Amino acid sequence: MRIKLMVLLLAALSINGCSSLVLQPADLSWPVESVLKPDKKGMVEEDRHSISFNAKGLYFAEFQDSSASTGTELRMICDKLGYYFLTSKNFKNVYVFERGDDGLVMERKILISETGIKKPAFNQRSTHIQLVDGGKTYNLTHEGIAGDQK
Amino acid sequence: MKSNNFIITFVVLLLSGYFFLVTAQSDYAIVENFKAKSDSISSRIETADSLQQLGPVAEQIAELEQQFKVHKTLLDKSLYPYDFSRSIANLRNEFIIRQRDFITIDILQATVAELSLHVEFLNERNNELLVKIQDLEAIQNKDKKTIARLENLTTDLRASIYKRDRMVIEMVDSLMPPLMREKASLTAEDKQEIISGEEKGNVLTNVKRTINDNTTFLEVTSLKPNDLTEIKKQQGEFSKTWRYIGLKLIDVYAADEKKSGEIQTIDSLFSRWYKAVDKEAWYTIREEFAENGIQLQSFTDAEQFTAVVVAFINDEIKNIGVKSEIESKNVYDNFADSTWFASIEPNWMPYLLDNKLITDVQKDEIENKISEWKSGIYPFNWWIYLIIALVIIGAVIFIVLRRKPKSEDEVVIKE
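Residue numbers (the numbering used here), protein chains in the order written: chain A, 150 to 299; chain B, 5 to 419.
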């Protein structure tokens, strides 16, 4: 019985020692979206937040053609929780990413329109990311479409 | 009643439609729109050619501020590194700086135009004085009255030329406001302002005329070392201002062959003026010898001067015994006592040495030659000094012997 108690105590202590430091509350949002142009190799650079990544995988996921990035504009915004929302003209989906050890890791793919988004634009809102497509708006979170489609 | 309801419904629909459009707008588009309008105003400020063109920009800044005030929160967050208020304040500052620049340019151009009138008047006056001096200089045997008149006219002309020079320097200086001078390269607008200022004051022509008149003045007058020192100082000031502005003018008139040619002419006139000042010293020195009856060959630099003077003295040394003694002594006295030691050595040598127009070695060469010449004219007769010395020694011995007291023995014998 004593031995079991000691093992439990040690386990509790070690769990406490391993817990990571969290700074809260935090707001990781970008005030306005960034419009990025992939270069020939598919690389995009976001100067203000010093982010760069290769977007070819995203275009391949959307069009099954990694060369489709040429001449397009990729729209990107980060919400309060630090999730990155990416889409582009003619994309059917909005892609949600989070930071991984070695790049951006897809969290979710949100289907917006089977016919493709015509004029996408992201807006930062207090509780969600707003996607504007011409006259239509969609309230997005990293979990999907939050509100009713207008 | 039905029509009232219809109107209300229509207005409500219209407003909701407007609201819908506003809410569906992209924040990014708003920010980019603000940036584009702000950049456009900034470029209008930069490219404005005049105060009149700049005028409406103040209203445009106010309109921009009013139009985007509603998006202040978004813009404050998005306009990194500035916020909305700072961006508007920056535009206003740009406007004020440019406005100040135009006001300075307007004042400077008015100054150039005003100075141009004064310069024109002085140009005419200087011409009249130059002609009068040339006429008087042409008279062979000048009486005291004529010489006095000539001196007065020369003084007047020198003062008048100096006054005109100051004005032309000011005109050249006024072509570019201080802000423009600090720029590494001038914009098309800056160049246009300079061209306009130059044309108003006819600056290049006046610079040419000023240098020409100064050179002519040196050619028709005989000046003292102090006058030349003053002229050199004035020349330095003028040249310094011209070097600075002239370099910029080369850039301004790069495409204008005629004006580029004028700038090159001014540069060559400057070197002619520099040479004329140096030449004037040698010319006046030769004149001073001539006034005392010593006719030297002409010379325009220290090397020639030394060679001419040494050759003259060598000739005179050779002629000792050939010419009469009185004649030889007269030439020496006129050369050495009345000219060299009376005027050249005390008055001109400090000027020539200070301005590096002659070296100490050259000066010593001439003075050694004068000593050699003097020894020939007035030889050192050692035997006269020997006789004088012997006479003096004899006289001293005689006096000493006479005063020697008589011995005691001699006294006793007498008793």
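Keep in mind the hints are simulated off the structure, nothing from the lab.
Just to be clear, a hint being listed does not mean it is correct.
[As the list claims (entries may be wrong)] Below are the DSSO-like pairs computed for lysine-lysine, each with C-alpha atoms no more than 27 Å apart in a straight line:
#: 1; chain 1: B; residue 1: K41; chain 2: A; residue 2: K186
#: 2; chain 1: B; residue 1: K228; chain 2: B; residue 2: K146
#: 3; chain 1: B; residue 1: K39; chain 2: B; residue 2: K81
#: 4; chain 1: B; residue 1: K39; chain 2: A; residue 2: K229
#: 5; chain 1: B; residue 1: K283; chain 2: A; residue 2: K285
#: 6; chain 1: B; residue 1: K212; chain 2: A; residue 2: K285
#: 7; chain 1: A; residue 1: K267; chain 2: B; residue 2: K39
#: 8; chain 1: A; residue 1: K238; chain 2: B; residue 2: K81
#: 9; chain 1: A; residue 1: K285; chain 2: B; residue 2: K146
#: 10; chain 1: B; residue 1: K228; chain 2: B; residue 2: K136
#: 11; chain 1: B; residue 1: K262; chain 2: B; residue 2: K237
[To be verified] Just a sample of chain A residues kept apart from chain B, beta carbon distances all over 10 Å, derived:
#: 12; residue: V171
#: 13; residue: P180
#: 14; residue: S183
#: 15; residue: V184
#: 16; residue: K189
#: 17; residue: S215
#: 18; residue: V254
#: 19; residue: V281
[Unchecked claim] Listed below are several chain B residues computed to face chain A (Cβ distance under 10 Å; list not exhaustive):
#: 20; residue: Q29
#: 21; residue: S30
#: 22; residue: D31
#: 23; residue: Y32
#: 24; residue: A33
#: 25; residue: V35
#: 26; residue: T77
#: 27; residue: Y84
#: 28; residue: N97
#: 29; residue: I137
#: 30; residue: D139
#: 31; residue: L140
#: 32; residue: E141
For clarity, every value in this text was computed on a predicted model and none was experimentally measured.
For glycine and all other residues, C-beta sits at the position ideal for the given N, C-alpha and C.
Hints versus structure:
1. This hinted pair checks out: K41 (chain B) and K186 (chain A) have alpha carbons roughly 23 Å apart, not beyond 27 Å.
2. In summary, the hint linking K228 (chain B) to K146 (chain B) is supported, as the alpha carbons are separated by about 19 Å, within the 27 Å threshold.
3. The straight-line distance between the Cα atoms of K39 (chain B) and K81 (chain B) is roughly 13 Å, inside the 27 Å bound, and the hint therefore holds.
4. With a CA separation close to 25 Å, the supplied pair K39 (chain B) and K229 (chain A) stays within the 27 Å bound.
5. The straight-line distance between the Cα atoms of K283 (chain B) and K285 (chain A) is roughly 90 Å, outside the 27 Å bound, and the hint therefore fails.
6. With a C-alpha separation of about 74 Å, the suggested pair K212 (chain B) and K285 (chain A) falls outside the 27 Å cut-off, and the hint is violated.
7. About 25 Å separates the Cα atoms of K267 (chain A) and K39 (chain B), which keeps this hinted pair within 27 Å; it holds.
8. A distance of roughly 26 Å separates the Cα atoms of K238 (chain A) and K81 (chain B); the hinted pair therefore holds under the 27 Å criterion.
9. The suggested pairing of K285 (chain A) with K146 (chain B) is violated, with an alpha-carbon distance near 106 Å, which exceeds 27 Å.
10. Taking the CA atoms of K228 (chain B) and K136 (chain B), the gap is near 20 Å; set against the 27 Å cutoff, the hint holds.
11. Taken as a hint, the K262 (chain B) and K237 (chain B) pair is broken in the structure, with Cα atoms around 31 Å apart against an allowance of 27 Å.
12. At roughly 25 Å, the least C-beta separation between V171 (chain A) and chain B is larger than 10 Å, which holds for a residue marked as non-interface.
13. Its beta-carbon lying about 3 Å from the closest one in chain B, P180 (chain A) breaks the requirement of being farther than 10 Å from that chain.
14. With a least beta-carbon separation of about 8 Å from chain B, S183 (chain A) fails to lie farther than 10 Å from that chain, contradicting its non-interface assignment.
15. A beta-carbon of chain B comes within 10 Å of the beta-carbon of V184 (chain A); the shortest separation is about 6 Å.
16. For K189 (chain A), the requirement that its beta carbon stay farther than 10 Å from each beta carbon of chain B is met, with the minimum near 24 Å.
17. At the 10 Å boundary, the C-beta of S215 (chain A) stays outside the reach of chain B, the nearest C-beta of that chain being 26 Å off.
18. Residue placement check: V254 (chain A) keeps its beta carbon more than 10 Å from all beta carbons of chain B (closest about 25 Å).
19. For V281 (chain A), the shortest C-beta to C-beta distance to chain B comes to about 5 Å, within the 10 Å cut-off, and the non-interface label is violated.
20. For the restraint placing Q29 (chain B) at the interface with chain A, the shortest Cβ-Cβ distance is roughly 7 Å, inside the 10 Å limit, so the hint holds.
21. With a least beta-carbon distance of about 3 Å to chain A, the hint placing S30 (chain B) at the interface is held under the 10 Å criterion.
22. For D31 (chain B), the suggested interface contact is upheld, since its CB lies about 5 Å from the closest CB of chain A, less than 10 Å.
23. Of the supplied interface hints, the one on Y32 (chain B) holds, with its beta-carbon coming within about 5 Å of a beta-carbon of chain A, less than 10 Å.
24. The restraint placing A33 (chain B) at the interface with chain A holds, with a minimum CB-CB distance near 7 Å, inside the 10 Å limit.
25. For V35 (chain B), the interface hint holds, since its Cβ comes within 10 Å of a Cβ in chain A; the closest pair sits about 5 Å apart.
26. The restraint placing T77 (chain B) at the interface with chain A holds, with a minimum CB-CB distance near 9 Å, inside the 10 Å limit.
27. Annotation: Y84 (chain B) was flagged as interfacial toward chain A, and the flag holds, the nearest CB pair being 6 Å apart, inside 10 Å.
28. Proximity of N97 (chain B) to chain A is violated relative to the hint, the smallest CB-CB distance being about 24 Å (cut-off 10 Å).
29. Evaluation of the I137 (chain B) hint against chain A yields a violated restraint, the C-beta minimum of about 73 Å exceeding 10 Å.
30. Taking 10 Å as the C-beta contact cut-off toward chain A, the hint placing D139 (chain B) at the interface is violated, the least distance being around 79 Å.
31. Violation of the interface hint for L140 (chain B) is found here, the shortest Cβ-Cβ separation to chain A being roughly 79 Å, above the 10 Å cut-off.
32. Given the 10 Å rule on beta carbons, the hint for E141 (chain B) is violated: about 77 Å separates it from the nearest Cβ of chain A.
In this structure, the earlier hints numbered 5, 6, 9, 11, 13, 14, 15, 19, 28, 29, 30, 31, 32 are contradicted, and the remaining ones agree with it.
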